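Number of protein chains: 2
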Amino acid sequence: MSEFTINFEPLGLRGKCKNNESLLECARRSGVGINSICGGTGACHACRVQVLSGTVSRPSTVEYKVFTSKELKEGWRLACQTYPISDCKITVPADSMTTSQRLQVEGLEKKVSPELPFQVYHVKIAPPSLETPVADADRLIQALNNQHRLRCTSVDIDTLRDIPGQLRSWNWESQVVVRNKEVVTILYQKSRQLGLAIDLGTTKIAAYLIDMNSGQTLAARGIMNPQINYGEDIISRINKVIKSSEAAVVMQRLTLDAINELSADLCAAAGARPEEILETVVVGNTAMHHLFLRLPVKQLAFSPFVPAVSLALEVRARDLGLNIAPGAYVYLMPNIAGFVGADHVSMLLATDAWKAKETTIALDIGTNTEVSLIYGGKITTTSCASGPAFEGGHIKHGMRAAAGAIERLRIDGDKVQYQTINGGPPVGICGSGILDALAQLYQANIIDNSGRIIDSHPRVRVHKGQREFVLVSEEERNGKPAITITQHDVRELQLAKAAIRTGIQILLDISLCSEDDIKQVIIAGAFGSYINIDSAVAIGMMPSLPLNRFQQVGNAAGMGARLALISTRSRAKAQAIASRVKYVELASSPEFNKVFVQANYLGPYQITNK
Amino acid sequence: MSEFTINFEPLGLRGKCKNNESLLECARRSGVGINSICGGTGACHACRVQVLSGTVSRPSTVEYKVFTSKELKEGWRLACQTYPISDCKITVPADSMTTSQRLQVEGLEKKVSPELPFQVYHVKIAPPSLETPVADADRLIQALNNQHRLRCTSVDIDTLRDIPGQLRSWNWESQVVVRNKEVVTILYQKSRQLGLAIDLGTTKIAAYLIDMNSGQTLAARGIMNPQINYGEDIISRINKVIKSSEAAVVMQRLTLDAINELSADLCAAAGARPEEILETVVVGNTAMHHLFLRLPVKQLAFSPFVPAVSLALEVRARDLGLNIAPGAYVYLMPNIAGFVGADHVSMLLATDAWKAKETTIALDIGTNTEVSLIYGGKITTTSCASGPAFEGGHIKHGMRAAAGAIERLRIDGDKVQYQTINGGPPVGICGSGILDALAQLYQANIIDNSGRIIDSHPRVRVHKGQREFVLVSEEERNGKPAITITQHDVRELQLAKAAIRTGIQILLDISLCSEDDIKQVIIAGAFGSYINIDSAVAIGMMPSLPLNRFQQVGNAAGMGARLALISTRSRAKAQAIASRVKYVELASSPEFNKVFVQANYLGPYQITNK
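Chains as they are written, first to last, in our numbering: chain B, 2 to 611; chain H, 2 to 611.
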């Protein structure tokens, strides 16, 4: 019985596909989570993938309906309808991935030519002798300068401690890593040159192990940010630190331990050692950036909400307690403002939104949502307190994107169709499911445009004095409590939606743009990337634009970090972006209240007397 | 009753002098140790001082005999014969100081114009506002660059942590310390700018607190190097580290704690805070340098005895655990070889010996003795294992220079005259006393030139099977054991003397110089500075030259450290010196054995068949 090797990109996962096994089945067995609402019958069209190389079965009748002939030519297929007949390489696009994986590490892939922040030179030196008893490091530097025409003048102290032992055990031959005229590390001649890119989110940390010379991602992994025990959102963590300086130390330690662990895991996966990591890039929002560096955060919490620093920083890894190569550095991308951090710069960099010629909205939806309008060569940016509702917070049956969460949902008459993460029985509803629910309820006229639940639908009931819509009933859950959307939930979602829309709208207003002027909406981040744009447009969270103007780019901040890791030119661009942005404090806009009230209605945003 | 203020230089100590009180009495009450063998009768001439300013009593008859009229005009006096009649400023030369003080911190004083390794700028910035919510550090750097036309680009991470709180509490005004385009520290506008110079000896640590702008020494202090518990000499400490890497960590910690304590003491004495120390310079021998930095030392112990590094280093103070200003650096002067360290470079720098036009020998006597010959524009340097005898080690009644140690000694017929440190009853004999004893015994023919004790003198006896010379008898000590010089002691001293003389001689030999060519002998270091040159010449440890060719310069290494602290030009010179030195490995010289045997004889060195 023949068996093929299937490479799933961009996850870098590999699986064995048996004869007569569909790509979907192979993916599941291999730990690659591909969407499937219909269970593999070809009905839901959620399992779209692109076959990059290899031979597969011919398209089915269903697929001829789903895809254009151009798309089929490009290799687009439904995973459930496709049977490999050779080794294959498959791309799983972000919106075909189940949330559990999608939240972590994937996103758009972009290439830049490496222009490294350090250089690596091969050096062989003569052993010392009684005739020329020259110090080890001095001989190394002399040889480096003579053999490579450098003017390297110093050696990092930690590397200096390694030099005598290592040079002797390596027979006086090594790779020397030079950064700003300093020897920062010496490596065994066969060592790899790796880098680590970190997207440090309030909720999650995504880490990428990169081959510095090719720019290739060798391994990627995501985990929860352990700071979450100190508060789910930024403000509660900042308050903890203001109350106790000890908390700052503990929170930094938690994050660092997590990153050190991630890095060790990635290295294990790639057969590498953390000492081969020669540079690290960290992007995060301003609060995460400050907590990571143990910078003061008090001034972030009080008007005028300024960061301790916005400029890009290079900090010696050991000054933070990061276990990588001895003298290596951590590069921190620049921040923009107290509530618009390096992660937004990173996203603008990775998507090229910052230099868009057409009017562009670029946003990253989270507990805090950052929005940029790129128009006429200018970038205006604001930050909206969208709250945790779209992450499942403050929602009765809300939950994070984890196994059992309803992530896709359709109301069909008095039936509710849904898909859960990992396909098991439903236990709650996560962000993308919540958004779908709100849009479906609104479109089915079960709630009106003010957000009120109308009680004409068989699934609407009053429970403990509150009106609610039953997504999964007690019977459907075999006696367990029903999963519902309550009137209170709808109000929370309206506030979140209104906050985001207000951000977009005020940026448009002050630039004298209208919705129609927007040629491109780039949505980044975990939640934003896996939502149904239809749903977001339906409730008016997103502008009423043709769907093809929207791009969901996944973890663009993580991509930006990877670009900055290997490219000093990208770093220069990041600093240029941060310097060019005009930050707008939303609350200080005179239009704020009016816009916010208007944005609270469901349905397309109505421009009133302007 | 009138009372005058007396300033004792270079110690920086100040005393009140009562009417009819001699300078000697005032010095003693003020804690300034001035030599006095005769007890203040004007007989021993050991208490020479120079009156720099103020009015004192007219010279006594004794002083007219002791000093030339030129010397008297220059203010030279015997402290015991001089009575202040106004406030005075007095210089106490090194050889008039009692050993307990001399061992620590004094030495030649030399001035250079400060050319600091950092610049300090006064900056006032605008507070942030909602209209311009620019980050604190960014505003500081912008203001710095705009107000002072700099291109400063980064801020040290520790300083960054201080900036938000400090700028707010200082009303947005501060002194900014910039080093290599990096903000390393910010200071309150009225803070002082201080530096710390450390002479890190195997036995003692001398520390100087310096005003960086004037170069003035504000306070100086010395303590024992606590590493001494891990072995009195370098080799035993290195062996400890080779056996256990834990020992390296502990030894570094001990030294650092000691330096941090010294620095806190000096700051307390000067009314300053360690955070005002903006730069530190450390000089020491190669082993102390390596142990301080926790560099590997194994290669120092085995042929070809190379250092891990000889180049000058700049290490962030926090990387070593030194408590000074947040982002401040420690500068380590360059080493020359495994057994000739930065302290010797520092001495060559401070004495200007390195650029001597006349043939010069410069040496620093210790357990290890470093010798340089400067001749015809070339510097050749070697290192001799002189052992601990001159520090009281391996000598039956030897002791360190501490209270009760015999430090000066004269044999007068069958009497022994001596002076002890602090003037109390004798408890043993320290380096300078031991040297005097050897010379006096040889000159009185009590020992012959082979070192044998001849038993014709009434103080020579046989005790427990060994011949010895009684310096202080049981009766003279009221029944306590006698203090003696044994035959074994003489042998130890001969070995030490021979080692030093061999070093000098081999350098002369390979440069084809003779003793008479030497126009200048510069003797630095604790022991070397307080010995009687007469004694050293008498036994042949030093070349037979007129006494006026000898200079005893005290802690020249400490002086060099102070120069390098405030002067980048001095640092450049130090590197030039280290690079120019031709190091000679003594043991590899074919003449070594012959010269060493010859040098073992007491009396002037006899050149044999060359």
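These are calculated hints, taken from the structure and not from any lab test.
Computed from a predicted model, the values in this text were never measured in an experiment.
Incorrect hints may appear among the rest.
Repeated chains share a single entry, so a pair holds when one copy, or any two copies, can fit it.
Claimed, not checked - Below, simulated EDC-like cross-link-like pairs (lysine to aspartate or glutamate); rule was C-alpha separation at most 16 Å, straight line:
{"#": "1", "residue 1": "K416", "residue 2": "E116"}
{"#": "2", "residue 1": "K205", "residue 2": "D518"}
{"#": "3", "residue 1": "K182", "residue 2": "E276"}
{"#": "4", "residue 1": "K299", "residue 2": "E247"}
{"#": "5", "residue 1": "K481", "residue 2": "D212"}
{"#": "6", "residue 1": "K19", "residue 2": "E277"}
{"#": "7", "residue 1": "K112", "residue 2": "E516"}
{"#": "8", "residue 1": "K583", "residue 2": "E132"}
Structure-based check of each hint:
no., hint, in the structure
1, K416 with E116, "neither (56 Å within a copy, 83 Å between copies)"
2, K205 with D518, "neither (34 Å within a copy, 77 Å between copies)"
3, K182 with E276, "neither (20 Å within a copy, 29 Å between copies)"
4, K299 with E247, "within (14 Å within a copy, 41 Å between copies)"
5, K481 with D212, "neither (49 Å within a copy, 77 Å between copies)"
6, K19 with E277, "neither (37 Å within a copy, 72 Å between copies)"
7, K112 with E516, "neither (32 Å within a copy, 73 Å between copies)"
8, K583 with E132, "between (65 Å within a copy, 11 Å between copies)"
In summary, the numbered hints that this structure violates are 1, 2, 3, 5, 6 and 7.
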